[in-house]
Amino acid sequence: MAESYYDISPEEFLEEEEALEDLTKALDNNTSETNKAFNETQEYKRFAEAYQPIAPPKDYEYKPSESTSPTTNPPETKRQGASGIDDDVLSSYNNVSDVLKKHRSGSMGEQSVNKNSSMHYSLKDRTHVFLPTPVYLCEDGGKIIINITVNAKGLVTKAYVNGATSTNNDCLEQHALEYAKDARFSPDASKNTQLGAITFYFKGKR
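Just so we're aligned: 82 in UniProt numbering is position 82 of the sequence shown, and the numbers increase by one with no gaps anywhere.
Treat the hints with caution; some may be incorrect.
[Stated by the list, open to error] Lysine to any residue pairs mimicking SDA-like chemistry, simulated, CA-CA at most 25 Å apart:
(1) Lys153 to Glu139
(2) Lys191 to Thr149
(3) Lys153 to Ser122
(4) Lys181 to Val161
(5) Lys124 to Thr193
(6) Lys158 to Met119
(7) Lys181 to Asp125
(8) Lys191 to Thr127
(9) Lys153 to Leu177
(10) Lys124 to Leu195
(11) Lys158 to Gly196
(12) Lys153 to Ala189
(13) Lys124 to Glu139
(14) Lys124 to Asp170
(15) Lys181 to Tyr121
(16) Lys205 to Asn162
(17) Lys153 to Asp170
FYI, nobody ran anything at the bench for these hints, they're computed from the structure. Quantities reported herein were computed from a predicted structural model and do not represent experimental measurements.
Kindly generate the complete structure, drawing on both the sequences and the hints.
Next up, the structure:
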């Protein structure tokens with residue numbers, strides 16, 4: 001049976017290594033508890049579809065030569081197994097597989113957190129321009145109600161915990177206050193101050 005060989009230039013390997021390094025950095029910097037993290041997975045999906053390395057045959061097994069002779073050895077080249085798959089190709093394939101598996105296992109947990117994020121607000125005749133997505137950084141979950149005061153520009157000028165809040169967890173309350181202060185609503189020149197409320201439903205880590 002004739003052996004098959006793949007001619008792959010060093011430039012192609014360099015490009016693959018650079019792409020792999022970029023993907024690893026992107027995955028390490030991913031903080032999937034936000035709406036932005038959901039969009040980044042689309043970038044990951046496009047990369048995964050575009051990067052299709054050569055999979056080694058199921059019966060592939062590299063067998064190094066037991067003896068070598070300086071007079072009979074051909075010029076030094078990249079080692080190749082009986083299947084004709086280059087060692088560098090196999091290494092590239094394994095590296096990418098490890099990265100993709102790591103991302104898939106991590107994204108499953110990230111999605112389980114994000115899909116449970118929930119909030120709503122009460123502010124008559126206004127709509128929200130920006131509401132931060134809750135990030136669950138506390139061990140316990142709970143419902144936090146934050147009373148807010150909004151000015152004519154739609155900015156939150158005051159925020160405090162409502163007495164109807166179902167938990168006294170300081171961690172949840174502090175994060176809810178921070179999110180409420182970052183919220184933005186549609187402007188209304190006829191209302192210099194307006195009272196409202198934002199309710200956050202946090203799901204804990206446990």
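We went through each hint and held it up to the structure:
1. Lys153 to Glu139: 36 Å, violated
2. Lys191 to Thr149: 11 Å, holds
3. Lys153 to Ser122: 17 Å, holds
4. Lys181 to Val161: At roughly 12 Å apart (the allowed maximum being 25 Å), Val161 and Lys181 satisfy the hint.
5. Lys124 to Thr193: Holds. Lys124 to Thr193 sits at ~12 Å (cutoff 25 Å).
6. Lys158 to Met119: 19 Å, holds
7. Lys181 to Asp125: 19 Å, holds
8. Lys191 to Thr127: 14 Å, holds
9. Lys153 to Leu177: 20 Å, holds
10. Lys124 to Leu195: Given that 25 Å is the threshold and the Cα spacing comes to 9 Å, the pair holds.
11. Lys158 to Gly196: Holds, at about 10 Å.
12. Lys153 to Ala189: With Cα atoms ~7 Å apart, Lys153 and Ala189 stay inside 25 Å; holds.
13. Lys124 to Glu139: Violated, because 34 Å separates the two Cα atoms, which is more than 25 Å.
14. Lys124 to Asp170: 29 Å, violated
15. Lys181 to Tyr121: Distance of about 13 Å is within 25 Å: holds.
16. Lys205 to Asn162: Given pair Lys205, Asn162 holds - Cα atoms ~24 Å apart, limit 25 Å.
17. Lys153 to Asp170: 30 Å, violated
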